[in-house]
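A.B. asks: Sequence:
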Amino acid sequence: MDLQENQKQKPRPESEEINDCPIEQVRLTVPITDDPTLPCLTFRTWFLGIISCGVLAFLNQFFGYRQNQLTVSSVVAQIVVLPVGRIMAASLPTKGVTIPGTKWSFSLNPGPFNVKEHVLITILANAGSSSVYAVGIITIVKAFYHTEIHPLAAMLLTQSTQLLGFGWAGLFRKFLVDSPYMWWPSTLVQVSLFRALHEEEKRAKGGLSRLQFFMIVIISSFSYYVVPNYLFQSITALSFVCWIWKDSFKAQQIGSGLKGFGIGAFGLDWATVASFLGSPLATPGFAMVNMLIGYVITFYIIIPVAYWNNWYEARRFPMYAFKTYNADGTKYNVSKVLNETSFSFNQAGYDEYGKVNLSILFVLAYGLSFATLAATVSHVLLFHGRTILEQTKASMRKSIGDVHTRIWEAIATSLLGNYLSNWFGCHIHLARWCYCSYHKPGSRSKCDHRANHRVYVPGEATSQCGVQNLW
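Per my numbering, residue 451 is the first one in the sequence shown, and the count goes up by one each step.
The reader is advised that the hints may include incorrect statements.
Distance condition first, Cα-Cα at most 25 Å in a straight line; then the derived PhoX-like pairs of lysine-lysine [to be verified]:
1) 843 - 709
2) 655 - 624
3) 709 - 696
4) 773 - 709
5) 786 - 592
6) 700 - 655
7) 624 - 652
8) 624 - 786
9) 592 - 843
10) 624 - 700
11) 773 - 786
12) 709 - 624
13) 700 - 592
14) 786 - 652
Source of the hints: derived by calculation from the structure; they are not laboratory data.
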């Protein structure tokens, strides 16, 4: 029995479908044609995907501890594996390999390296492109509380977050993937790149093909990165206010991008620009404006007013800091108010040592973080409540979706039972399941689902890659 045999189905003619997607960007980027006969879970997929995942996981975890985080995205693997996959397709033997002790067999070379293999390899690599959020718990316990978590406990913690995130992603697929209005702009960048790398395109006279344009951009980007990272590192962050008024304390608070507001400071290094929120090129303009307005109100209005009016005795402590302090501004020794063995709060030690003090930025960050929980729920209910209700009713009738959902469902099988088992199995053993440790892998997994949805990769193939990513 061939492991790839169940992936082959009859092609779906383009003439049967009408592009009824309501989002213009999706209509212009995503094709409405599919070839279900293309093999997906091949030897090349697993070999290149697992290696890409491991390499990116190590690099991003290692560089994630930098102040300006350096992230190696899955786009790097997306580009690198293409020539490797084509070399494997040209050199590996086509003879089938039988797994010892079973009737299962597979081919090392089932044919030309295709776009669906490429997508699954990228999904596997994407799992390693960002660190596991729960690793921060392990790091904090070791770095700040000077103790070790047992390796087995650490592994179970990280695996539980990944499993629960994977389960949540599958449970909400109907609403966050199948809905044509949930179009995930960042996935369109990858789809466009996949098409440029795999589709043959006739170049207009005097114009550029997608692949030619991509090669120009990649060479230009590489040339530009050399300047701020190797030749002229000082342009990574420029602060003219600090340069002009070198001896002014307030000027340093206003102009410093490291310990102040960063007014008048800017960076010419793209890694600095995209280190926190990611690349702004794939983010819709309204979202960027929304973030910018919130940033200006918080950092340029509320915090300066609070600091210079000495709210919460703010002027005793640094304006921009995420540390805890004593009343005299010295570092707060957290170990004096915690139980040494259980890390539980020691009220007697707290009364004796003194209260904890935070910088004004830290106070507002905590307050606004809690406020966003209620604000998110109320915003969704007020602005999107009717849409959610309509989509819920439509999903029950299986009438939700557009042309892309219909094509994808023609080759996909329902995996709801898998996601339920992952979610239920973790949920009954974990009381605090709503932390962002569990939300982050769910968001990443949901983005992978949308990517495979755009290129019509069968859902079971994506599910198997997702399970592999967990380990």
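A.B. asks: Hints first: check each against the structure and report whether it holds.
C.D. replies: Now the hints, each set against the structure:
Taken as a hint, the residue 843 and residue 709 pair is broken in the structure, with Cα atoms around 51 Å apart against an allowance of 25 Å. For the hint linking residue 655 to residue 624, the alpha-carbon distance of about 43 Å lies beyond 25 Å, and the restraint is violated. Among the hinted pairs, residue 709 with residue 696 is consistent with the structure: their alpha-carbon atoms are about 14 Å apart, no more than 25 Å. For a cut-off of 25 Å, the pair hint linking residue 773 to residue 709 stands: about 13 Å separates their Cα positions.
Straight-line distance between C-alpha atoms of residue 786 and residue 592 comes to about 16 Å, which keeps the hinted pair within the 25 Å bound. A hinted pair counts as satisfied when its Cα atoms are at most 25 Å apart, and residue 700 with residue 655 does not qualify at roughly 58 Å. For the proposed pair residue 624 and residue 652, the alpha carbon gap of about 37 Å is over 25 Å, so the pair is violated. Between residue 624 and residue 786 the alpha-carbon distance is near 49 Å, which puts this suggested pair outside the 25 Å criterion.
Annotation: proposed proximity of residue 592 to residue 843 is violated, straight-line Cα distance about 48 Å (limit 25 Å). A distance of roughly 53 Å separates the Cα atoms of residue 624 and residue 700; the hinted pair therefore is violated under the 25 Å criterion. A hinted pair counts as satisfied when its Cα atoms are at most 25 Å apart, and residue 773 with residue 786 qualifies at roughly 16 Å. For the proposed pair residue 709 and residue 624, the alpha carbon gap of about 45 Å is over 25 Å, so the pair is violated.
With a C-alpha separation of about 36 Å, the suggested pair residue 700 and residue 592 falls outside the 25 Å cut-off, and the hint is violated. Pair hint residue 786 plus residue 652 does not hold up; C-alpha atoms about 70 Å apart against a cutoff of 25 Å.
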